[in-house]
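Once you've looked at the hints, dock chains B, C and D against the given chain A.
Protein chains in written order, with the working numbering: chain A, 8 to 347; chain B, 8 to 347; chain C, 8 to 347; chain D, 8 to 347.
Because the hints were derived from the structure by calculation, they are not lab data.
Nothing here was measured: the structure is a model prediction, and the numbers come from that model.
Be aware that a few hints might be false.
No copy is singled out in the list; a pair is fine if it fits within one copy or between any two copies.
Distance condition first, Cα-Cα at most 30 Å in a straight line; then the derived DSBU-like pairs of lysine-lysine [stated by the list, open to error]:
no. : residue 1 : residue 2
1   : K77       : K122
2   : K155      : K209
3   : K163      : K206
4   : K13       : K54
5   : K77       : K163
6   : K155      : K54
7   : K155      : K206
8   : K209      : K122
9   : K155      : K122
10  : K342      : K122
11  : K54       : K342
12  : K54       : K206
13  : K163      : K209
14  : K77       : K342
15  : K209      : K77
16  : K13       : K155
17  : K122      : K163
18  : K13       : K206
Protein chains: 4
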Amino acid sequence: MILILKSDVTEQQVAHVIERVESMGLRAHLSRGSQRTIVGIIGEEDKTRETPLRAIPGVADVIPVLPPYKLASREAHPQESVVEVAGVKVGGGFLAMIAGPCSVEEPERMDRIAKAVRAAGANIFRGGAFKPRTSPYAFQGLGLEGLKILQTVGRKYGMPVVTEVTDPRVVETVAEYADMLQIGARNMQNFVLLTEVGKTHKPVLLKRGMSATVNDWLMSAEYVLSEGNSSVVLCERGVKGFDNATRNLFDVASVALVKRLSHLPVIVDPSHATGRPDLIPACSLAGLAVGADGVHIEVHDCPEEAKSDGPQALLPTDYDALMQRMRQLANLMEKTISQS
Amino acid sequence: MILILKSDVTEQQVAHVIERVESMGLRAHLSRGSQRTIVGIIGEEDKTRETPLRAIPGVADVIPVLPPYKLASREAHPQESVVEVAGVKVGGGFLAMIAGPCSVEEPERMDRIAKAVRAAGANIFRGGAFKPRTSPYAFQGLGLEGLKILQTVGRKYGMPVVTEVTDPRVVETVAEYADMLQIGARNMQNFVLLTEVGKTHKPVLLKRGMSATVNDWLMSAEYVLSEGNSSVVLCERGVKGFDNATRNLFDVASVALVKRLSHLPVIVDPSHATGRPDLIPACSLAGLAVGADGVHIEVHDCPEEAKSDGPQALLPTDYDALMQRMRQLANLMEKTISQS
Amino acid sequence: MILILKSDVTEQQVAHVIERVESMGLRAHLSRGSQRTIVGIIGEEDKTRETPLRAIPGVADVIPVLPPYKLASREAHPQESVVEVAGVKVGGGFLAMIAGPCSVEEPERMDRIAKAVRAAGANIFRGGAFKPRTSPYAFQGLGLEGLKILQTVGRKYGMPVVTEVTDPRVVETVAEYADMLQIGARNMQNFVLLTEVGKTHKPVLLKRGMSATVNDWLMSAEYVLSEGNSSVVLCERGVKGFDNATRNLFDVASVALVKRLSHLPVIVDPSHATGRPDLIPACSLAGLAVGADGVHIEVHDCPEEAKSDGPQALLPTDYDALMQRMRQLANLMEKTISQS
Amino acid sequence: MILILKSDVTEQQVAHVIERVESMGLRAHLSRGSQRTIVGIIGEEDKTRETPLRAIPGVADVIPVLPPYKLASREAHPQESVVEVAGVKVGGGFLAMIAGPCSVEEPERMDRIAKAVRAAGANIFRGGAFKPRTSPYAFQGLGLEGLKILQTVGRKYGMPVVTEVTDPRVVETVAEYADMLQIGARNMQNFVLLTEVGKTHKPVLLKRGMSATVNDWLMSAEYVLSEGNSSVVLCERGVKGFDNATRNLFDVASVALVKRLSHLPVIVDPSHATGRPDLIPACSLAGLAVGADGVHIEVHDCPEEAKSDGPQALLPTDYDALMQRMRQLANLMEKTISQS
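Okay, chain A solo, but in the shape it has when bound:
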């Protein structure tokens, strides 16, 4: 931690700053420049995080030196983590190819879609049973019934299943049926929920919030990790941008950045990032090329009948064509699509 003192700081204030730092069991290293005085704090930076250093009189700015996450950091864990989702490996050279409809729908449709994406090469099946919807009047998901359908269909086609959980009170129930728990973008900083999924020891798919910095995102992963659950897969799904030509702004560079800062696997979700099926294939390839550990795509066999997010779903045939191109690129990148 570095403190930059104000240009008009008094000697008394400087003395008070040093005293405060030392009262935390740390050392203060003073550096008087020609125009500003700077205080380097020596010792465990964590001790200072809880203290509002910037509120001490005479302090102009506080510059952290270390990242605030530990368990999620690459420094603490130099090797890439491999997360296992009911036998499917993700990270460390293994790709998660997650596909399925936005919402779980009727069993026959789910069966058709699962069969198609499995044949195309998907290794994890997705579908929402509890849907976080902007409108209280919109379809909110099939609930428990949906979980059962999802599990049954996933097992039939040999794919572990991932589904979103939104309520801390049903985390346990969802964990009974699902192989991986998704935390959606709107809940990325729902710390109560993060804590609950952290207790389950089920793999967690942690979507990035719409305006979360990379630092915020890794801190949310830290919540899950700090509960003892080390199976976290991050997912970039687009952030808020100023141009409504696409639904969100696909932040592909964040994937490369997270891979440097953290050991956790990171996948991309071009369906939500773009909101446009015509851009999904190109953005899926971009995601793999940048180094993502997988691609999450919404697939529906009749988008105009989808219960939610139909306009951004790929048809099974388009998904199949895309998978062929993704496999070629995966080969070039020396990545493997593991099957359960």
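Okay, now just chains B, C and D, sitting in the frame of chain A:
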């Protein structure tokens, strides 16, 4: 709802679009331009919201005509709502002057701060007992103990109290102690939580999410209203911006806009919007001048010892000076600060 | 300037860093923490700005301590500047009330609008003769003819005139007719143009770029000031946001911030900031309340016939009603509307 | 163009709207819904662009149906354009591999860098002679001398050269020495400059502005095209984001989108988009995978001595390693790197 068809749409596709619209019990009004065909949908727009119209082959774009919220809309409820918080009126010419520390701290300090803000003219006292913190290692609040301290101190000084709730499982407990329930920015789209506070019939202070559009924000209010709880006060607290010179970007125009679109009271929170005590007085006055129904300010008697967000707190003396200026402006605007 | 070194920096790299710093005639102050080594650079920070310190091997990050602008800074010039526009004072307690149509139009209309805004209390008249338009097919302004009309009408009603200049080749010509030169948002970082207007010694109205940080904005002012032209008035006109409910996001807090960082006057432009006439009155008042040194508003007597930006113009009667409210607020703030 | 009328529109206002539309030689098609009346305008949409339709009393909103650009649109020109830069083909399957230092520096260094990037496979050499710098005190480029060095070195190694032009008064001079004229991000809406480069008939490299929508960007291309210069190559270089972990936010999806909307080639610039050399390789590959027609990378043989932007430059050896990976990916994508 208006559908803009693709330039290369076929007659068969046009016929299918019309059929789909009519199958919803609506009428389609075709308008063939020189370069594009447009379909106006006549009837209740709500019927179309659930259907992914943009996924119908031949449809290029879908333009909604009506806002998706109803209970929150000014059209449905032309007069400004007045929300009562244990006797303190908010909206319709009455200002909420909410003040207090970020977190509830020890009783003596709470007493000192409450006494000071009450003397300065605040009419609602605030303090967080359950804190949503970016870091799992940060102070998470005093919990139930904090609620009790807050209630005791508020009663002593004749101020109703507002505190944040983050967990649907403790909504009832929080509602026992607090006069108003705050939904924080990070939980603005925690629909599970919104539904729970909607069931309590306690007034709700709904902070705007960091990257929520005005439409998203009003839809979250709609969640609470649709559960039968009509006492919602909105709070603008800054949105994400590209310039880190301030913590957030204070969207003062959104207050004027919401007051046109909705009948709900809207207050401002310059503490979170700017993150800098030196900008809080100017931004508080701007908030009142733009038409806000109140100002929410963090006050602490020793910011460098605050358990959270110290650097953005005002000292009680500064709050007092600001309240004097706010009262003058309130007079000019013909607004009243109601007391319980 | 502070250098944060990498966690795996070698002693050889540390020595090289120190050597580089000393080769610039500066001193390096080393501070070895438990996890990172930090180098404080002592001496004139400017000497380091030109050197890509972050590219030196072993350097992780570079933290500037001082702002990069000098002539524009409040530190260098503690008192508020008062800019004179042909006799009208702006800043230091004097308000610029700038009004007029987006584009200069035919003389009769200009006369009508000027007469009306003058009667309402405006003290500077505006109108664009050279229009920067997003589309090459849009009306580009009346050019020289427009300048003449603007000057004639302004003189008739005793108001100095301001108009935008977009081309370095016509700066001199525009300066012959106009009393103040406007640099538009799209040209805020057109450094060639800034240099030319800096040479004229005419007052400059420098609009903030749509995604300019406060630092970028003040650096653009520095371009004008460094050419010897000290008459710069800044203008906040909204920045890019993610919510298209308003045309731009009115950054009212930036006005308060700039007034702390700089001695230059700052005004607001709610017409461009919101793009909606129904929000202009509330945002104008917010601008004055936050401490702005004036308000720039587009006024047109028949918006539906305006050559440009009609939908965001106020009618003269609405401007008059707003001016009455602004005068009341100006009195409360102890500000004066100077007349030429 | 579609007009959505206000809910309280009067019959008289409806009649006036229709009259206005018909006075432009267009037809108005009325569609009365249960809650709103909509007016479809039939005829050439361009006729309406100049008229402020939203300012007509009773009009709530105006929805354009067609894109405002024509020459740049894919509809008008379904086949991908191939731009020739002194013999090097860009677009339609041909990749521009542009490399070189940020600024033109001394001849020996330029020679070394050019030799290295040529050997690595670059086909266009870059270097800035006129630098747009945020600070008036920063290095502004070698000017004419720099142009000569750039041309000489480019010719020696058989690479056409591209350099930025910032001043309409020197466009002709720059065009004498350079094979391609770059319009920088800060000048993307400098319409005076766009018009001048449009007159030269030299290929133009048009960088996207930091907060330009895709629509704004294509409209700026339209300025160049409408002057008769059809050789425009677009370049995505990152947009403003809220997370300062990277310099800008690399909008990779915009490349895929522009390729659908326009026939013009689009390349990516990961140097400016990320500002971090460690992310450039991954983002370059992402750019190619998404379908970009080339990659623009800053290369310097001693970044710590670079006159500008050193910290984001790649070393020649790193560029060489990246080019090998880019060639593999180009093969997979069936793209060719043309040489002059």
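Hints, verified against the model:
Proximity of K77 and K122 under a CA criterion of 30 Å is satisfied in neither setting, with 41 Å inside one chain copy and 41 Å between copies. In this assembly of identical chains, the alpha carbons of K155 and K209 lie at most 30 Å apart only when taken from the same copy (17 Å versus 36 Å across copies). For the identical chains of this complex, K163 and K206 are intra-copy neighbours only, at 28 Å inside a copy versus 40 Å across copies, given an alpha-carbon limit of 30 Å. Proximity of K13 and K54 under a CA criterion of 30 Å is satisfied in both settings, with 23 Å inside one chain copy and 21 Å between copies.
Proximity of K77 and K163 under a CA criterion of 30 Å is satisfied in neither setting, with 40 Å inside one chain copy and 44 Å between copies. For a Cα distance limit of 30 Å, the shortest separation of K155 from K54 across copies, 29 Å, qualifies, whereas the shortest one inside one copy, 47 Å, does not. Taking CA atoms no more than 30 Å apart as the test, K155 paired with K206 passes in both settings, with 22 Å inside one copy and 29 Å between copies. Taking the shortest alpha-carbon separations for K209 and K122, only the intra-copy value of 25 Å comes in at or below 30 Å, while the best inter-copy value is 49 Å.
Taking identical chains as interchangeable, the C-alpha atoms of K155 and K122 lie at most 30 Å apart only when both belong to the same chain, with a minimum of 17 Å there against 56 Å between chains. Taking the closest pair of Cα atoms, K342 and K122 come within 30 Å of each other only inside a single copy of the chain (24 Å); across copies the shortest separation is 34 Å, beyond that limit. Proximity of K54 to K342 under the C-alpha cut-off of 30 Å is found in neither arrangement, the shortest distances being 41 Å within a copy and 46 Å between copies. In this assembly of identical chains, K54 and K206 lie within 30 Å of each other by CA distance solely inside one copy; the values are 26 Å within and 41 Å between copies.
In this assembly of identical chains, the alpha carbons of K163 and K209 lie at most 30 Å apart only when taken from the same copy (21 Å versus 48 Å across copies). In the homo-oligomer, the alpha carbons of K77 and K342 lie at most 30 Å apart inside one protomer (27 Å), although the nearest pairing across protomers, at 43 Å, exceeds that limit. With identical chains, the CA atoms of K209 and K77 are at most 30 Å apart within one copy only, with a shortest distance of 21 Å there and 40 Å across copies. In this assembly of identical chains, the alpha carbons of K13 and K155 never lie at most 30 Å apart, being 61 Å within a copy and 40 Å across copies at closest.
Proximity of K122 and K163 under a CA criterion of 30 Å is satisfied intra-copy only: 9 Å inside one chain copy versus 59 Å between copies. Neither within a single protomer nor between protomers do K13 and K206 lie at most 30 Å apart by alpha-carbon distance, with minima of 45 Å and 35 Å respectively.
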